[in-house]
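J.: Residues per chain, in single letters:
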Amino acid sequence: MIEFKHVYKAYLANVPCLRDVSFRVNEGDFVFVVGPSGAGKTTLFKLMTAYESKNTGEINVLGHNLSSLKKGQIPFLRREIGMVLQNYKLLKNKTVFENIELPLIIRGLSADERIEKTEQIIEKVGLKEYRDQFPDFLSGGEQQRVAIARALVHSPKIVIADEPTGNLDSELSQSIMKLFKDFSKQGVTFLVATHDERLLKTSESRVLRLNKGLVSEDVQ
Amino acid sequence: MKVNSLKIALFFITCLSILILISGFLVYKNSLIALGAWNNANKMLVFLKTDTLEPQRNELIQKIQSMDKVQSVTLVDRQAAGESFQKSLKEYANSLLTNDEMLDLVPETLEIDLANELNLSDRQAAFQQLASTLKNEPAIEELSYSATWLQKFEKIDRFLRSAGLFVFLVTTLLVSYLISLMIRVYIDDTKSEIEVYNLLGATRWSIYKLYLYDLAQFLTLSLVVALGLTAVFFNYAKTALAQSGLSKMVAENLMFLNFREGGILLFILMASILAHCFFTITSSVNKLNQINND
Numbered sequence: 000m001i002e003f004k005h006v007y008k009a010y011l012a013n014v015p016c017l018r019d020v021s022f023r024v025n026e027g028d029f030v031f032v033v034g035p036s037g038a039g040k041t042t043l044f045k046l047m048t049a050y051e052s053k054n055t056g057e058i059n060v061l062g063h064n065l066s067s068l069k070k071g072q073i074p075f076l077r078r079e080i081g082m083v084l085q086n087y088k089l090l091k092n093k094t095v096f097e098n099i100e101l102p103l104i105i106r107g108l109s110a111d112e113r114i115e116k117t118e119q120i121i122e123k124v125g126l127k128e129y130r131d132q133f134p135d136f137l138s139g140g141e142q143q144r145v146a147i148a149r150a151l152v153h154s155p156k157i158v159i160a161d162e163p164t165g166n167l168d169s170e171l172s173q174s175i176m177k178l179f180k181d182f183s184k185q186g187v188t189f190l191v192a193t194h195d196e197r198l199l200k201t202s203e204s205r206v207l208r209l210n211k212g213l214v215s216e217d218v219q
Numbered sequence: 000m001k002v003n004s005l006k007i008a009l010f011f012i013t014c015l016s017i018l019i020l021i022s023g024f025l026v027y028k029n030s031l032i033a034l035g036a037w038n039n040a041n042k043m044l045v046f047l048k049t050d051t052l053e054p055q056r057n058e059l060i061q062k063i064q065s066m067d068k069v070q071s072v073t074l075v076d077r078q079a080a081g082e083s084f085q086k087s088l089k090e091y092a093n094s095l096l097t098n099d100e101m102l103d104l105v106p107e108t109l110e111i112d113l114a115n116e117l118n119l120s121d122r123q124a125a126f127q128q129l130a131s132t133l134k135n136e137p138a139i140e141e142l143s144y145s146a147t148w149l150q151k152f153e154k155i156d157r158f159l160r161s162a163g164l165f166v167f168l169v170t171t172l173l174v175s176y177l178i179s180l181m182i183r184v185y186i187d188d189t190k191s192e193i194e195v196y197n198l199l200g201a202t203r204w205s206i207y208k209l210y211l212y213d214l215a216q217f218l219t220l221s222l223v224v225a226l227g228l229t230a231v232f233f234n235y236a237k238t239a240l241a242q243s244g245l246s247k248m249v250a251e252n253l254m255f256l257n258f259r260e261g262g263i264l265l266f267i268l269m270a271s272i273l274a275h276c277f278f279t280i281t282s283s284v285n286k287l288n289q290i291n292n293d
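As given, the protein sequences belong to chains S and R, one line each in that order.
Position one of the first sequence corresponds to residue 0 (numbering that gives the first Met the number 0), numbered consecutively onward.
Position one of the second sequence corresponds to residue 0 (numbering that gives the first Met the number 0), numbered consecutively onward.
What the hints contain is simulated information worked out from the structure, not anything from laboratory work.
Since the model is a prediction, treat every value here as computed from it, not as a measurement.
For every residue, glycine included, the Cβ atom is placed at its ideal position computed from N, Cα and C.
Do not take every clue at face value.
[Said to hold, decoys possible] If we take Cβ atoms under 10 Å as the criterion, some of the chain R residues that face chain S in the derived model are:
hint	residue
1	Q78
2	E82
3	K86
4	A138
5	V195
6	A201
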């Protein structure tokens with residue numbers, strides 16, 4: 000599903016962000032990516048989604064070797080990946096429903112299918128009463144849930160989440176993690192970056208720890 | 000198409016810019032018509048021989064009418080020519096000639112008008128060609144046109160036409176650039192959307208399509224409104240000129256855009272604006288094809 004082989008990445012010469020990173024994530028795996036700021040978590044995610052290219056090594060995602068992936072194929076790879084970013088990246092001029100519906104529009108689903116899938120995920124993340132609100136009128140936690148719903152609505156094969164519970168209280172964090180786990184059981188692969196040690200303790204999932212660009216720990 | 004305050008501001012600026020452009024073109028076009036009408040004071044007068052028969056005369060009229068650049072041929076009969084001549088003699092008219100004497104003296108005349116859009120040098124060349132073709136016609140006594148007058152004003156006429164064309168082209172460039180800049184503001188304002196579309200796996204073409212469709216709708220609406228407003232202003236100006244009396248001749252000759260001119264004008268404008276939009280969106284998509292953590 001995702002495989003990194005001796006990957007090296009530096010934005011500036013002699014300032015590496017990732018050094019000789021190797022790991023493998025299988026279908027349905029749930030992996031926490033942890034590490035201090037600047038450890039290389041975001042770079043790891045950018046490489047997986049072809050926003051950046053590696054300097055050396057090999058990256059395979061969903062059967063594609065990213066080095067040989069053509070520019071025009073990148074959007075189609077991203078359609079198989081759901082992303083939840085720290086700053087949510089919601090469109091302020093669109094309602095909650097419209098924001099969540101976007102990935103389905105991009106995939107060309109019919110209006111009926113879009114409505115059905117969007118309504119289902121809105122209910123799952125508990126945003127039914129905010130359906131027609133604009134993001135600016137929502138709290139940080141609510142916006143986070145909209146971003147999560149948008150990442151999950153099209154049933155992606157991989158979900159990459161950067162601090163998805165960063166703005167949520169502990170009860171809501173647990174419910175979001177439960178939602179992730181439910182999807183994971185259906186075969187969706189999750190890579191979740193977090194600083195929340197409580198989540199690591201309670202979830203009993205694999206932990207990939209990065210430190211100064213190196214994989215310092217990979218434990219089940 | 001969703002409406003927001005930026006789009007409304009853009010709509011007004013685009014409408015006004017297009018209105019300026021169309022008005023500029025109308026001023027240019029009608030200046031040419033006015034110049035043509037002014038130049039038309041120089042008609043060619045063809046004085047016919049007194050013994051010319053009606054079939055000969057009609058044949059000659061048909062021949063002239065079929066000639067290149069000739070707009071119209073008007074026959075001035077002896078009666079009308081005599082009245083005109085008498086008018087020019089003012090108070091001396093009655094003491095100099097009787098009506099019958101005058102009718103014998105004054106020949107039938109053909110007044111030849113050339114096409115309005117001809118400049119003076121073309122007009123002079125056309126008159127010269129007409130004169131050389133017609134001089135050996137048996138029905139013609141004499142030909143007359145103001146050759147020296149045409150030569151004298153040729154340079155002024157050419158300058159006015161060139162200046163008009165230059166001003167119009169500069170206005171076209173300025174207006175299309177201004178509209179393009181406004182659209183750039185709009186695209187820059189929606190950069191976050193492009194970033195999100197990239198994130199969600201939208202292809203470049205689907206992003207272009209989204210914006211170009213939106214902008215094409217927006218521009219079409221602006222064009223229709225601008226065209227409508229210009230037509231209203233044009234008709235108002237035409238009516239006001241006609242009612243003022245002094246400018247009745249000018250008002251009668253004023254013309255709005257015809258289908259061909261309108262098509263060419265709108266094609267140039269739309270093509271330059273949409274090309275500019277395409278490049279702006281392309282550069283934005285390229286720049287934003289990365290995750291921004293701001």
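J.: Hints numbered earlier in the text: which of these fail when held up against the supplied structure?
T.: Hints 1, 2, 3 and 4 contradicted; others consistent.
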